[in-house]
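As you go down the protein sequences, you meet chains A and P in turn.
For reference, each letter of the first sequence is one residue, going 413 to 528 in our numbering.
For reference, each letter of the second sequence is one residue, going 10 to 122 in our numbering.
Think of the hints as simulated: they come from the structure by calculation, not from any bench.
A portion of the hints provided could be inaccurate.
[As the list claims (entries may be wrong)] If the Cβ cut is set under 7 Å, some of the chain P residues that face chain A in the computed set are:
{"#": "1", "residue": "Pro17"}
{"#": "2", "residue": "Leu20"}
{"#": "3", "residue": "Asp105"}
{"#": "4", "residue": "Leu107"}
[Unchecked claim] Quick list of the computed label-pair ranges, beta carbon to beta carbon:
{"#": "5", "chain 1": "P", "residue 1": "Lys88", "chain 2": "A", "residue 2": "Ala413", "range": "29 to 39 Å"}
{"#": "6", "chain 1": "P", "residue 1": "Gln54", "chain 2": "A", "residue 2": "Ser482", "range": "27 to 37 Å"}
{"#": "7", "chain 1": "A", "residue 1": "Val495", "chain 2": "P", "residue 2": "Gly63", "range": "44 to 54 Å"}
The C-beta atom is built at its ideal place from N, Cα and C for all residues, glycine as well.
Here are the chains, one letter per residue:
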Amino acid sequence: AQSVAQPEDQVNVAEGNPLTVKCTYSVSGNPYLFWYVQYPNRGLQFLLKYITGDNLVKGSYGFEAEFNKSQTSFHLKKPSALVSDSALYFCAVSDLGNTNAGKSTFGDGTTLTVKP
Amino acid sequence: SQTIHQWPATLVQPVGSPLSLECTVEGTSNPNLYWYRQAAGRGLQLLFYSVGIGQISSEVPQNLSASRPQDRQFILSSKKLLLSDSGFYLCAWRGDSLNQPQHFGDGTRLSIL
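With the rest of the complex left out, here is chain A (with noise of 0.2 Å):
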């Protein structure tokens, strides 16, 4: 079974500094990891994603990711935040080695709230 967790349920920073939000996950095969971001009564828009290739990955609105095979990790991170970037963020997870290959698995989510 597949599934991710994001273990902080909110984030604070200044804005101007650099932010981290986290993601780990767990799969049976070699995993496909996307981050998602949702504003207040919006559906979730893709950022960015991991497939195979360079473990730093880029994505929208100057964000980018880490992929660790070893910490089984995805940790969302952007060096300078803006308060435009406070919102709700998701982690999710595809699982090349599962047969249910219709699925994907969402973390909780982190509100990451930037403060001016």
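Knowing the structure of chain A, use the given hints to seat chain P on it.
The following block gives chain P in isolation, referenced to the frame of chain A:
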């Protein structure tokens, strides 16, 4: 380009009334389609998914059902709503490969009175 439409945006229904939420996708064919429920702005609960017309997989036994009468149409229904059916319902689609992200509609906020 592909778009996903979900309606209505908000809905207030009495307990025991029926429900029909509709989701349509444009600009792609044979998408994988998903219904999720989100409570209180937290995690997503997968309710149903479909890999083709008439093919529905149910994730959680409950008061809801789903149908896919056309390739790009996904409908969430209930014959009698319960108070516990309140929540934010999201429809999503994905292409036929696991390495593609899901694309979400803007959701329906359902309140049961």
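Hints and how they fare:
1. With its C-beta approaching chain A no nearer than about 13 Å, Pro17/P sits outside the 7 Å limit, and its interface hint is violated.
2. The beta carbon of Leu20/P is not positioned within 7 Å of any beta carbon in chain A (closest approach about 13 Å), and the interface hint is therefore violated.
3. Checking Asp105/P against chain A by beta carbon gives a least distance of about 9 Å; that is not within 7 Å, so the hint is violated.
4. Hint status for Leu107/P relative to chain A: holds, with the closest Cβ pair at about 4 Å, below 7 Å.
5. Under the hint 29 to 39 Å, the C-beta atoms of Lys88/P and Ala413/A, about 32 Å apart, fit the expected range.
6. A beta carbon spacing of about 31 Å between Gln54/P and Ser482/A agrees with the range 27 to 37 Å that was offered as a hint.
7. In this structure the hint that Val495/A and Gly63/P lie 44 to 54 Å apart at CB holds, the actual value being about 47 Å.
Checked against the numbered hints listed earlier, the structure breaks hints 1, 2 and 3; every other hint is satisfied.
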